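There are 2 protein chains.
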Amino acid sequence: MNTKHQTQAMRVGILGFGGLGQAASRILSPKQEMLWVAAADQKGFAYHAEGLQADSAIATYHQQGSVGYLEPWGQLSQHSIAELIEKSEVEGYFLALPNLPNTFMADIARLFIQSGWQGVLVDALKRTSAVEQLLELKDELATAGITYMTGCGATPGLLTAAAALAAQSFAEIHQVKITFGVGIANWEAYRATIREDIAHIPGFGVEKASAMSDQDVADLLDKTNGILALENMEHADDIMLELAGICSREQVTVGGIVDTRNPKKPLSTNVQITGRTFEGKISTHTFTLGDETSMAANVCGPAFGYLKAGIGLHQRGIHGLFTAAEIMPQFVR
Amino acid sequence: MNTKHQTQAMRVGILGFGGLGQAASRILSPKQEMLWVAAADQKGFAYHAEGLQADSAIATYHQQGSVGYLEPWGQLSQHSIAELIEKSEVEGYFLALPNLPNTFMADIARLFIQSGWQGVLVDALKRTSAVEQLLELKDELATAGITYMTGCGATPGLLTAAAALAAQSFAEIHQVKITFGVGIANWEAYRATIREDIAHIPGFGVEKASAMSDQDVADLLDKTNGILALENMEHADDIMLELAGICSREQVTVGGIVDTRNPKKPLSTNVQITGRTFEGKISTHTFTLGDETSMAANVCGPAFGYLKAGIGLHQRGIHGLFTAAEIMPQFVR
Numbered sequence: 029m030n031t032k033h034q035t036q037a038m039r040v041g042i043l044g045f046g047g048l049g050q051a052a053s054r055i056l057s058p059k060q061e062m063l064w065v066a067a068a069d070q071k072g073f074a075y076h077a078e079g080l081q082a083d084s085a086i087a088t089y090h091q092q093g094s095v096g097y098l099e100p101w102g103q104l105s106q107h108s109i110a111e112l113i114e115k116s117e118v119e120g121y122f123l124a125l126p127n128l129p130n131t132f133m134a135d136i137a138r139l140f141i142q143s144g145w146q147g148v149l150v151d152a153l154k155r156t157s158a159v160e161q162l163l164e165l166k167d168e169l170a171t172a173g174i175t176y177m178t179g180c181g182a183t184p185g186l187l188t189a190a191a192a193l194a195a196q197s198f199a200e201i202h203q204v205k206i207t208f209g210v211g212i213a214n215w216e217a218y219r220a221t222i223r224e225d226i227a228h229i230p231g232f233g234v235e236k237a238s239a240m241s242d243q244d245v246a247d248l249l250d251k252t253n254g255i256l257a258l259e260n261m262e263h264a265d266d267i268m269l270e271l272a273g274i275c276s277r278e279q280v281t282v283g284g285i286v287d288t289r290n291p292k293k294p295l296s297t298n299v300q301i302t303g304r305t306f307e308g309k310i311s312t313h314t315f316t317l318g319d320e321t322s323m324a325a326n327v328c329g330p331a332f333g334y335l336k337a338g339i340g341l342h343q344r345g346i347h348g349l350f351t352a353a354e355i356m357p358q359f360v361r
Numbered sequence: 029m030n031t032k033h034q035t036q037a038m039r040v041g042i043l044g045f046g047g048l049g050q051a052a053s054r055i056l057s058p059k060q061e062m063l064w065v066a067a068a069d070q071k072g073f074a075y076h077a078e079g080l081q082a083d084s085a086i087a088t089y090h091q092q093g094s095v096g097y098l099e100p101w102g103q104l105s106q107h108s109i110a111e112l113i114e115k116s117e118v119e120g121y122f123l124a125l126p127n128l129p130n131t132f133m134a135d136i137a138r139l140f141i142q143s144g145w146q147g148v149l150v151d152a153l154k155r156t157s158a159v160e161q162l163l164e165l166k167d168e169l170a171t172a173g174i175t176y177m178t179g180c181g182a183t184p185g186l187l188t189a190a191a192a193l194a195a196q197s198f199a200e201i202h203q204v205k206i207t208f209g210v211g212i213a214n215w216e217a218y219r220a221t222i223r224e225d226i227a228h229i230p231g232f233g234v235e236k237a238s239a240m241s242d243q244d245v246a247d248l249l250d251k252t253n254g255i256l257a258l259e260n261m262e263h264a265d266d267i268m269l270e271l272a273g274i275c276s277r278e279q280v281t282v283g284g285i286v287d288t289r290n291p292k293k294p295l296s297t298n299v300q301i302t303g304r305t306f307e308g309k310i311s312t313h314t315f316t317l318g319d320e321t322s323m324a325a326n327v328c329g330p331a332f333g334y335l336k337a338g339i340g341l342h343q344r345g346i347h348g349l350f351t352a353a354e355i356m357p358q359f360v361r
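Protein chains in written order, with the numbering used here: chain A, 29 to 361; chain B, 29 to 361.
Source of the hints: derived by calculation from the structure; they are not laboratory data.
A portion of the hints provided could be inaccurate.
Which copy? The list can't say, so a pair holds if one copy fits it or any two copies do.
Heads up, simulated DSSO-like pairs for lysine-lysine below, C-alpha to C-alpha not over 27 angstroms straight-line [as the list claims (entries may be wrong)]: (1) 205 - 292; (2) 309 - 59; (3) 59 - 205; (4) 251 - 236; (5) 236 - 115; (6) 292 - 309.
Keep in mind it's a predicted model, so treat the numbers as computed, not measured.
This is chain A alone, in the form it adopts within the complex:
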């Protein structure tokens, strides 16, 4: 039984069903305005026009390794995303996919372009170079009738948008400094995310981090007492603020502390925007996230807010590539 007004609710899908995708499905459960109808992971997909249930999908994934095993809506597939696109009716997808390899998101965008599907795609990718690859697809996305919202998680995403907003008080921006604190009780629930973080540590990088076994990761974390300290990270906040004309990418820095053994954040995630006002004063606006909000809440919440905004754009015939720094996310009830 599903109480949502299915004719009115936006029909949305989730691609990728790791920690982020699972959290996304839970966030959608109580929403009246969005109906979760589709999911895909590496081994399969599930689709039900009247809505999937988060609990059963998550249980199936944990027990059997793929939503493709979900009875009776699942199907195993070597080409799960392509097959899902073909067999479903979905207005927009949240791409809760791993950021690695770094070309992955652009490859998925190409898959959608080639399929002829029209709708909204939202990603929560992290790296500047990944956004650069999507930028190359800007015209193709527009021609294909796809509204693609990139960098719409927490950072980039929520904090980038806060920086874009804060910039309004200033005649000139001097620095945008993002400092995040992440605390997770059990890193094994976020295997892909942790490798992405490790890739930012000097001496690692994307390839080396991707190739690490779980034991390698555990060994590294044993050496650091579970703490990952990250500085000058390649984060797409920089290119997004540059594209929005707010500052050059060199003026944007991203760093943080990840505690993989404690759900309490080691510091409050914040973005500081320093600039000069028209009167010549130098000042700093600060946007600080409450410590009790999880990475999942700060990534998936905005992602669906941008998905709703993207669906609004798509309905007005506005297609192409947009970032979190230029569109206001819409609250999903």
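Fit chain B to the supplied structure of chain A, relying on the hints for placement.
Showing chain B alone in chain A's frame:
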């Protein structure tokens, strides 16, 4: 001599030329993307297609009481706004007009509707009831081909947008609390604004505050040592967040301290957004403005950011009424 690329720059006007309008003209001076071509006050207007100069306009207003005296571009008029609309080519106006009487902004909107002009209007109004009056004009604005952005100053405006953004982390919003600190060295430069603040004090109200002479205001401020403490103010942040579907207006509170004898802010202006995440955690995000940013910077900066965003919407054929809580302002270079 004007170095701006006049064929590319957005041609904008400022209606009202008190403290806010004058600050707005100074903010526009260095901008490459916007060219200030028009201004009007109660007694006259000025228009020059190749751009007005802030310094000379402000000096003229101070010395003679109206931009209508500005040589050679000014003209005195009993119907300055109507005449300016008729005689100028302007893409968008910032309505830097007094908030009192409370029907003023809606009256100006009607004037634009009746004139047949098409373009973008941005206000920085404060009161909920003023937005309610504009809401009644929503369809007329859309039909007339006007894109009207309301509540696009600091609060409502910048802080409302920050609240709308912060809300994305939460499944449910419990409270939005705006607390502002304003410090001004010389209240006489902001005569209208101070009366609007006084109108919020218990025992006053809009009519009584409007009727106060400068001496009455000075006497009141002598009694309070120059401090105005304001609580539970009628501010349109509430209706704007309600319209955006984020929370009900009762959950939004606005209060603050205005020091009329000290440019230093008595407290840092901030908005706190408290809600429940999908995991059931209660938390609070906070957006805090740097103390060195003036009211003028925090009001006029966003207003032009929303004006630029509005011009983008207008060019796509999107007309009607929008608030700061639903559109991302665009940075004006």
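_Earlier hints that do not hold, by number_ = 5
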